Amino acid sequence: MSLHTKMARLGDSTFSTMEKVNSELLAMTYGALVTTLIKDFQDVKVVNTELEKMGYNIGVRLIDEFLAKTGVTQCRNLKETAHSIAKIGFKMFLGINAEVTWGADARQFSIEFKGNPLIEFVELPEKFKNLDYSNLLCGVIRGALHMVQMVVTTELRKSELKGDPVSEIYVTLKQHLAEKFKGEDD
Amino acid sequence: KNPLSSPMPIYALFIVNKAGSLIYHKNFSAKSRKISSNECLYMASVFHGLYLNASSLGQSSGDLRVPMGIEKIMTESFRLECLRTLTGIKFFLTADPDADYLKALLNDIYIIYTDYVLKDPFYVVEMPIRLSSFENKVMSYVLEASEKGEMKNQNR
Numbered sequence: 001m002s003l004h005t006k007m008a009r010l011g012d013s014t015f016s017t018m019e020k021v022n023s024e025l026l027a028m029t030y031g032a033l034v035t036t037l038i039k040d041f042q043d044v045k046v047v048n049t050e051l052e053k054m055g056y057n058i059g060v061r062l063i064d065e066f067l068a069k070t071g072v073t074q075c076r077n078l079k080e081t082a083h084s085i086a087k088i089g090f091k092m093f094l095g096i097n098a099e100v101t102w103g104a105d106a107r108q109f110s111i112e113f114k115g116n117p118l119i120e121f122v123e124l125p126e127k128f129k130n131l132d133y134s135n136l137l138c139g140v141i142r143g144a145l146h147m148v149q150m151v152v153t154t155e156l157r158k159s160e161l162k163g164d165p166v167s168e169i170y171v172t173l174k175q176h177l178a179e180k181f182k183g184e185d186d
Numbered sequence: 001k002n003p004l005s006s007p008m009p010i011y012a013l014f015i016v017n018k019a020g021s022l023i024y025h026k027n028f029s030a031k032s033r034k035i036s037s038n039e040c041l042y043m044a045s046v047f048h049g050l051y052l053n054a055s056s057l058g059q060s061s062g063d064l065r066v067p068m069g070i071e072k073i074m075t076e077s078f079r080l081e082c083l084r085t086l087t088g089i090k091f092f093l094t095a096d097p098d099a100d101y102l103k104a105l106l107n108d109i110y111i112i113y114t115d116y117v118l119k120d121p122f123y124v125v126e127m128p129i130r131l132s133s134f135e136n137k138v139m140s141y142v143l144e145a146s147e148k149g150e151m152k153n154q155n156r
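Residue numbers (our numbering), protein chains in the order written: chain A, 1 to 186; chain B, 1 to 156.
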């Protein structure tokens with residue numbers, strides 16, 4: 001069985017053990033959050049940044065749940081990391097199947113997905129066409145990877161809300177952090 | 001029935017954050033030697049240091065993987081088992097030398113931590129844990145694990 005098949009199976013099995021919540025409640029809560037942010041900040045760019053920051057704060061906590069409940073051990077390379085996020089992470093937390101496509105070089109990849117539960121009832125008005133509605137997810141990935149010593153930038157490149165056939169999050173690895181050992185500079 | 005009144009094969013749980021500071025400690029056995037909270041903090045730091053020393057003793061695997069450190073310490077009077085997460089937290093349990101079921105329990109405690117501690121929005125990551133929901137859940141898992149474990153050992 002290929003590693004990717006194993007990962008997909010792990011994603012499915014973990015998803016089945018996760019406690020579920022009504023997806024409409026999630027969609028509506030997220031919608032209320034986004035519209036409140038728009039009301040408060042008025043600027044779509046600022047809202048995008050705020051959503052990403054919130055996502056980051058979620059990601060730094062979510063990574064432990066991911067690791068604890070799936071039992072995945074350290075990924076050997078960025079490809080494994082990418083597939084873990086797409087096949088296991090997206091499945092267990094959002095219940096959707098995501099695909100990895102490789103980017104311009106070895107340090108960049110895309111995660112493509114459809115059927116994002118957050119956007120289920122959303123229609124983006126013309127005046128908010130630059131709003132990255134699902135930017136929270138970009139932050140989650142950035143926060144989660146930061147806790148396992150990877151500094152990345154993420155970008156919502158495509159969105160079903162903007163007319164694209166799929167949504168796409170583009171991830172670029174900036175650097176690996178060496179574990180800081182206390183006493184190293186003593 | 002007071003859970004702490006009967007002899008407990010599991011002695012204590014320590015949780016140490018990335019920086020090496022103790023963020024949680026709980027004694028399960030009434031027979032545990034009473035140690036002050038300062039002593040606990042100190043011991044956790046010492047263990048953290050030992051753990052790092054042990055990881056640097058291992059061979060470098062060449063890639064970027066985090067070297068693993070101490071998993072188990074066996075002595076005549078107790079055993080210690082440690083789970084280090086990829087995010088740098090260490091969970092370790094001290095118990096009776098015959099308690100060979102700690103690995104699964106450590107993983108369950110990690111899961112309880114991700115649910116009851118990390119999901120509390122008011123909990124600041126890396127800070128001491130003072131959450132009764134977490135305590136209660138850990139206590140029930142520890143009790144269950146020790147009961148099951150003891151039954152298995154008795155049937156051998």
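Certain hints may be false.
As the list claims (entries may be wrong) - Here are the simulated distance ranges between beta carbons:
#	chain 1	residue 1	chain 2	residue 2	range
1	A	H4	B	E71	26 to 34 angstroms
2	B	Q154	A	V166	30 to 38 angstroms
3	B	L143	A	T101	35 to 43 angstroms
4	A	K129	B	K103	50 to 58 angstroms
5	B	C40	A	W102	29 to 37 angstroms
6	B	V124	A	L177	18 to 26 angstroms
7	B	P7	A	G115	47 to 55 angstroms
8	B	E71	A	K129	52 to 60 angstroms
9	B	M43	A	G115	49 to 57 angstroms
10	A	T101	B	L50	24 to 32 angstroms
11	A	A106	B	F78	43 to 51 angstroms
12	A	T172	B	C40	49 to 57 angstroms
To be verified - Within a straight-line C-alpha distance of at most 20 angstroms, the following computed EDC-like cross-link-like pairs (lysine to aspartate or glutamate) qualify:
#	chain 1	residue 1	chain 2	residue 2
13	A	K6	A	E99
14	A	K69	B	D120
15	A	K79	A	E50
16	A	K69	B	D108
17	B	K137	B	D108
18	A	K69	B	D115
19	A	K20	A	D40
20	A	K129	A	E155
21	A	K174	A	E80
22	A	K20	B	D120
23	A	K162	A	E126
24	A	K158	A	E168
25	B	K119	A	E19
26	A	K129	A	D40
27	B	K103	A	E65
28	A	K20	B	D115
29	A	K53	B	D120
30	B	K18	A	E65
31	B	K148	B	D115
32	B	K119	B	D96
33	B	K137	A	E99
34	B	K137	A	E126
35	B	K119	A	E80
36	A	K114	A	D40
Said to hold, decoys possible - Calculated from the model, a selection of chain A residues having no Cβ within reach of chain B, i.e. all distances over 12 angstroms:
#	residue
37	R9
38	N57
39	T101
Don't read these hints as lab results, they were simulated from the structure. Computed from a prediction, not measured in an experiment: that's the story for all the values here. We put the beta carbon where it would ideally sit given N, CA and C, even for glycine.
task = Output the numbers, in ascending order, of every earlier hint that fails for this structure.
result = 2, 3, 5, 10, 12, 15, 19, 31, 32, 33, 34, 35, 36, 38
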